[in-house]
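*Asks:* Below, each chain spelled out in residue letters.
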Amino acid sequence: MRKLWISATYVIFALLLGAPIVRIATGAWADGWSGFASGITRPEAQHALLMTGMIVVIVTVINTLFGVMLALYLVRAPWLGKQLRRVLNSIVDLPFAVSPVIGGLMIVLLLGPDTVIGSLLSRSGIDIVYALPGMVIATLFVTFPLIIREVMPVLQEIGDQQEEAAQMLGAYPWTIFWRVTWPSIQWSVVYGVVLTVARTLGEFGAVLVVSGNILFRTQTATTLVYQDVENFNLTAANAVALVLAAGSVALLLFMEWAKSRRAR
Amino acid sequence: MHVEVRGLNKRFGEFQAVSNVEFTIGKGQLIGLLGPSGGGKTSILRMLAGLESPDSGDILFHGRKVNGLPPQERGIGFVFQNYALFKHMTVAQNIAFGLEVKKWPKAKIKERIAELVELTGLVGFEKRYPHQLSGGQRQRVAFARALAPEPQLLLLDEPFAAIDAKIRHELRSWLREMIDRLGITSIFVTHDQDEAIEVADQIMIINKGRLEQKGTPREIYQDPQTPFVASFIGESTLIEDIGQLRGFADAAALGGTKGLVRPEYVEVGRANEFALLSATETGTVSHIHFRGSEWLVEVKIGDIKLTTYRSLEKPALHPGEEVHVLVHRAYLFNETDSWVTENRLKVDPLPVHI
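Going down the list, the protein sequences come from chains Z and B. Position 152, counted from 1, in the first sequence is what full-length UniProt numbering calls 152; the numbers after and before it change by one each time, with no gaps. Position 83, counted from 1, in the second sequence is what full-length UniProt numbering calls 83; the numbers after and before it change by one each time, with no gaps.
Hint data in this document are derived by calculation from the structure and do not stem from the laboratory. Being a predicted model, the structure only gives us computed values, none of them experimental. Don't be surprised by glycine CBs; every beta carbon is placed ideally from N, CA and C. There could be a bad hint or two in this list.
Stated by the list, open to error - Chain Z stretches covered by chain B per the calculated footprint, using a threshold of three residues with CB under 8 Å from any CB of chain B:
(1) 121 to 129
(2) 178 to 186
Claimed, not checked - Calculated pairs, DSS-like style, for lysine-lysine (alpha carbon to alpha carbon, straight line, at most 27 Å):
(3) Lys314(B) with Lys300(B)
(4) Lys27(B) with Lys87(B)
(5) Lys259(Z) with Lys300(B)
(6) Lys305(B) with Lys258(B)
(7) Lys166(B) with Lys208(B)
(8) Lys258(B) with Lys259(Z)
(9) Lys82(Z) with Lys208(B)
(10) Lys65(B) with Lys127(B)
(11) Lys166(B) with Lys108(B)
Chain B extracted, bound-state conformation (with noise of 0.2 Å):
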């Protein structure tokens, strides 16, 4: 389903939770709604799904308007965050609720829920009450009950905030290779970033009620339009005064200007490791973590915290120890503009062409 949002507001007593939010989804797509808890993300949700009205703004569905329209009406699918499912009902009577609702033939229904159970590996299950489930597999009651009446547009509310982290990482990649397979829009709200840019095809990063940047994860990985957009998504650093690091001098010059470096832009080492010492700063190595597959170095210069990842294979760094650091790159960002910046002395200033 193709939709389009416009002009969206809504306001709960004196709070703002949505305001203008504008975009549009282009059929088959998977859309993650991703941004902090309170961000508004799940007000969008459920005006699209027609269980919140807009206080003002348009909601359109193959480009005809549905604000008027009933959530019954709408050809929705919903998965809600703690699932939802009927209680008393077995797995295959929650599955068939929808169905039934809209008057199918009895026989068509058993086809249909054969096919469900099918699809989201619940074979040997459809007798089982919620309560005798796990909580993978009663995400995927919930997803199977919301697919029932072939909805053509699924969303999804925090669909694996309840459900432990390993668990969670087959049921994102069960979910993406589900609905890639049905070619359904679904929108989903997610907090956690790992998970969006792991499963969207577009993000979607909410905050404060607005939309702040809307892109592939690698578009708002990369360029990043609003400092909001640049501090939330990776684990950046923000450096108040970015004049003082090596190669960004230039960054100084216009006031007010801050940067955002995150650790995958910083390199650090011994001083042997690096082609280019003239770029790198000194700094002196505070905390070493271990991560399993690398190390997270903690490091300092001056005053400026930054971190940092080192592989294993590299000598291991010792707390306290002098190294030098290279800074790549930064995000830089004013009260006006926004842009990013490669460290200036990185290219060798005196080539010498043998």
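Next comes chain Z alone, as it looks inside the complex (with noise of 0.2 Å):
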């Protein structure tokens, strides 16, 4: 009996993860080797993964910083109120309780060029929805809490002391927070860091709702994969999903060893 299920979700396993894999890649070189190659250089497919590249870059910069504060702030600001703190730490779960779909439907309300504030924006040149600030937003809304989850405990965990025994031996907050703080969590922030980079590779429904998925200026990898697919270009789909795939797995690959750093 016990067997039976042992095999049973090792079938599972397989049917869901395995699979998948297995047929995007066959897929990809349906025609060999030159379908593949044709598939990811063709021009539309530079510039959705360029595009992507640039998004997580971005993403990740301005998500590790403001989340690594807000971390601390939560954490460690007793200025703030008990009150106030546990709103905002509810308010930081969000993104997660939202479909990210609505997520990107919010800024094109929000900011959108029929919007008081987006036809301001446009008229001094700027355009958010439908051009790269927009995806940007957006996947900063779905990735939002990622960082600022993996470093929460960790703070929690280590209390202030150590920081309190650095200030009594003379040290200043940039100082501390370099010396005495950082060494603590800098693997959950790389783990959190990991985390933002695979979501923002994958990230569909908020940036396909408020990119417009506009051939050569907002089309994203997966955007694109979405609309090959619509297309029946199944070669060159199978091939830029394999790039992210690719992608993905050696992310995994290196959270895993950020893990068993942070063990330490």
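With the hints as a guide, bring the two chains together.
*Replies:* Take a look at the structure:
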């Protein structure tokens, strides 16, 4: 009976996770190397991958900076008051609870060309929605909690006594952060960054709503795959999907390594 | 460092943590802040350190007001209750931290580390991380780290609380010796009266945010100024109606007088062990406990329960036995006053000179 359950688990695991990857890989190679190569070297794929790459870099930098700062303030700032901190703490989780598509829609409704803010900004030459800034904002929204939720428990666990000790030894906040706090949270931040990158690579719903999926302008790797599938351009879709999947697998391996470092 | 505190107050929300505390500490003294948990001892220490700011009152070092001075500038060494060692740094790096922050030259830092490692008996452990050390060793690293930048005042928050009993004894005398040798003014917080009595030059008893009494361990022990001090120090028994006891009838004349009796004020034994039987009460032994070096005897006189110690050399007593009890003195107090009274009948009322 036990053996049956174990094998059933493996079968489900293989069907759910293994089969799609194998299918993508074989699909990408359906026309041999040239099919795969042309799938990812065509101009629209190059542009889409570049867009995805840009979003990944911008979102990761902004989220890391503000994620660590907000985590510090939520844990270490008694002057914020208990109630306010509790409210902030629950707002942080909002993106987990709201569907990314709804998140994207909220941005369109707030900053779209038909809104007051959106029209004001577009008159001064800045496009938010259907342009890169909107896509960055949408992805920021979706990935916002990831780093904060990794760092906060660690900060709570280490407490503030080491920081106070550093203070008594003459260190000021900047030194304290880099020499005392950072070494304790660095692997959690790395872990959070990996999660953010992975989520940003794969983000579809929010970006699709905000970007409008305009070829050579706002198309990302995921929305390109979507469009290729719609157009029955399966080999090309598989090729781009394989690149994304390979990136995710590499990230996961890196994450495992980061986790083992954090455990030390 | 000469430390003076005037009218110190601190509230946390509705809770008055420290109220109107005043004291002065001379240079080179070792002071114990003693009192029950949650009594405000740590708050006082943290205000001295600058980690907490007082609601009102002044803190003066060498006669200079330091209220506005950040902790970084106060020149104080602080040993935290759980040591708060930097866990990603080795012993040597922990000790060096304060010196690096103060931009000491490298060669001098190295010299100072060697000196402190020697002083704290941590030679050979310089490259270890805190999690590779025992509790007592961590304590000594914390001590070395706090002393490294040559502070003028050392504050220790429950320095021995997290260490097991046997090592705690060793560390206590080690600390006493170390502080004597360095001549640094030190204040430590403890809730353990044995620790305070054994280590401190002067004890300050803190209760409910107030300073109850400041004095040498001997003064605190023999001449308690408030009922709280009398009941907190030693193992006192409170007697509601002290007039019931033979020899203390005068006390009952003043209404509402209560008494505290310590085990060492009480003597129990058989009739032949007392010279002056008229001063003794008769009681019954209710329990005896073997304490290794002596017996702990509980006796009942009417409805008054007293405890005392009895030497193992004397004939053993048994539960239920009728014994004589001599109460040598009692600490008496009423709503307005408190004083120590000797047993009136102990002095032979009709001395016969031969």
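*Asks:* Can you name, in rising order, the numbers of the hints this structure does not satisfy?
*Replies:* Violated: hints 1, 4, 5, 7, 8, 10, 11.
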